[in-house]
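Use the sequences and the hints to build the structure in full.
Which chain is which? The protein sequence lines are A and B, in order.
Our numbering applies: residue 1 is where the first sequence begins, and numbers increase by one.
Our numbering applies: residue 1 is where the second sequence begins, and numbers increase by one.
It is worth saying that the hints were derived from the structure and are not from the lab.
A few of these clues could be false.
[Unchecked claim] In silico contact screen, one side only, chain B against chain A (beta carbon under 7 Å); selected entries:
hint	residue
1	32
2	229
3	240
4	309
5	393
For each residue, glycine too, the CB sits at the ideal point set by N, CA and C.
Number of protein chains: 2
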Amino acid sequence: MVDIKQLFEGNYIDSNIEVQGWIRNHRKQAHFGFIDLFDGTYFKTLQIVYDDTNSNFEDISKLKIGSAITVKGKLVKSLNPKQDFELNLEEFILEGNCDDDYPLQAKGRPTREFLREIAYLRPRTNLFQAVFRIRSLAAYAIHEYFNKNNYVYVHTPLITANDGEGAGQVFQVTTLDLDKIAKNKVDAIDYSKDFFGKKVGLAVTGQLEGETYALAYKRIYTFGPTFRAENSNTKTHASEFWMIEPEMAFCDLEGDMDIMEEMLKYVVKYVLDNAKVELEFLNSFVEKGLIEKLERLVNSNFVRIDHKDVIKILKEANVNWEFPPEYGEDIAKEHEKYITEYFNGPVFIKNWPKDIKAFYMKQNSDGETVAAVDLEVPGAGELMGGSQREESYEKLYNRMKELNISTDEMDWYLNLRRFGGCKHSGFGMGFERLLIYLTGVDNIRDVIPYPRTPGNCDF
Amino acid sequence: MVDIKQLFEGNYIDSNIEVQGWIRNHRKQAHFGFIDLFDGTYFKTLQIVYDDTNSNFEDISKLKIGSAITVKGKLVKSLNPKQDFELNLEEFILEGNCDDDYPLQAKGRPTREFLREIAYLRPRTNLFQAVFRIRSLAAYAIHEYFNKNNYVYVHTPLITANDGEGAGQVFQVTTLDLDKIAKNKVDAIDYSKDFFGKKVGLAVTGQLEGETYALAYKRIYTFGPTFRAENSNTKTHASEFWMIEPEMAFCDLEGDMDIMEEMLKYVVKYVLDNAKVELEFLNSFVEKGLIEKLERLVNSNFVRIDHKDVIKILKEANVNWEFPPEYGEDIAKEHEKYITEYFNGPVFIKNWPKDIKAFYMKQNSDGETVAAVDLEVPGAGELMGGSQREESYEKLYNRMKELNISTDEMDWYLNLRRFGGCKHSGFGMGFERLLIYLTGVDNIRDVIPYPRTPGNCDF
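Here it is, written out as structure tokens:
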């Protein structure tokens, strides 16, 4: 038994082989026919040829699209210049038949919206074979990069009593019987009866716990699911998504940016090297210029510029902004686009106004900004965000008080600053945001196997 | 700047170096002193030597355990036969001081129970440095094994409306305001107002979704968190843990066992090769014979035996069982132990009575058993469980009806059998169970960074 991948990567011509897979297409004529077989190990299909000299001709001709088969035969050079080889069918076994209502027939091109409704079948299509293979390869590249650089992979908790950075709305997790609660009019819920004895929810970040491990291992990363209960129905929001959150002790903002740049290039390079056929497909049918875009990123030098200097450039630009840029304020999508075009490459925007950034970011000596950074990438906007973390107990404590963040519940996080708390930095990257960039597929629902969005929790 | 790991793996003797880390121990005399520095990149500490010829002698002497420092000096051969080298301190910078109430002082050995209460500091101890480094390495080995063998890594959903295999109690996930519900006496909760428009919970398995991807990619695996809301306070139960669930199309139970055995050996071998120092520590202080146990596993052949033949052996054994073994019934911990000792190695117990196994397992032709397998390992008990999946629509449908599992909500899972559903198999491995085996640490709370158990959700 061989994988179709082996056929494309080895030399099996004139060998007798046996393969197993599913029929993507079947074109039959009176005296011969062609079957396109995929087995999921490789993006391309294997062409199988048969004719009426085969004693099973009748049965073969009846094979339906979607069916699973085992095929034996000889691999021969193809007369078709579009492919190197094809399989002359000798024997076959029908492993699993396919009913006529199979939605992935060869005719017609189903919409992505329709394919979301049959998310359990869509990885059998060309588009999603490519997308989810790339998802897997990119995940591996991330683990490989961090492992090579001696990071410790940390699984931070998903169920948590703290609401992280206040970065988003939280799903509540409970074992209380809601129907019982509904029937008994009471003043307030008694959380001592809940599973954890208190109110808990799903984590919006693993950063804070990640910091505790960075101050023990020097370099750590997380790679796990995170959750947001925001009621937003956009192409870039999902309620459940995966994040990568590295954290490095003895590392300042400059060091942080070095790692962000190196890691991103490593992952993009890995996908370019290991998903050639998939990227060629996406380059032809989803985003023209995709491969060139990725290659340029790998070979570019990322610009590093202060937020205030970006505002200056935007103000001086001869553009009629929908949102006029302003010192001390956030920047809009149109600004992100302009600035990456201005520098013709990726741009780190750093030292942001402290009032629009999170409480844990290191306060700069100007009293106005924090050592935060966003990476803006051509054609993708913000791809990662990071910061040096405030290591001064006093500054952090005061900032938390200012923002009404509980210093009691977060005493462990504060204590990190009292117990050998050194300079440290980290960043976060939304994995699906990276995938949108890598594949050119522009809807987050199409880069997550089973996406969860408001009102949608199928399969 | 170098990592302490580099010092142990390269040759830096007689070089001037600069390192950063935390003080684990500090022994000071009148005219000289020793500092043990760890930086988390390597298990062993670097010994730093200083004396009163140094102009900063006073300040150095005052450095507290737990503090973060930068140190410059010359690496020299050590006179102490226990170590190859030490650092002659020339300059230092105090990066982060440590308050006197730091709980990890050199004196006394804190209990594991106490260390759980300061879970944010425990990775700085020898024991947990070893455990969580091994956790990271084992995770990487798993990804590497599957990537090498061309599996697709699939992120199955965590929030789900189906309760999986009925394998455990489910945490509910909601955005409804429980306090409001409590105050308004109503007949039942209106889930159309909940975030997803229906009642949802946290996944207990990713297998069912995994199967849908196996039937598109031939070989897939999941590696992600799973949740159980069971109120059990044992050493082996946690409410949140990580699972690995591979799934292979065109693979029967024998093939499944081949992969289980190969993967487990790969991971154990990887940890033996890459965590030598950590394992030596655990071998000395946690489980005598740990390394030998792991090496034996890698070199053993796993026995494969039917459940009924295991019962026969147990019945014939001259043992006064607490739970008498019986055909058609599950086996107890004492039986697991006996059978691995009987065969003096790992044992696959296969073809289990169908009534004690899950609905999706392939029904054997005897009408009594299913093609399920558990792997029993000496000193660990059940480490993995797997099965061939029922590929017949009719048999699966009837079994679900028998067990009152909703065939409507699970129509997509059933449909897999109508649309080229072929023979396929898979297995599950609890990651923490593997870690308990790999480290000798016997409590699941000590192999998870921030464990969640009934009543415990700190940090």
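### Those earlier numbered hints the structure runs against, lowest number first
Numbers 1, 4, 5 - these are the hints that the structure violates, sorted from lowest upward.
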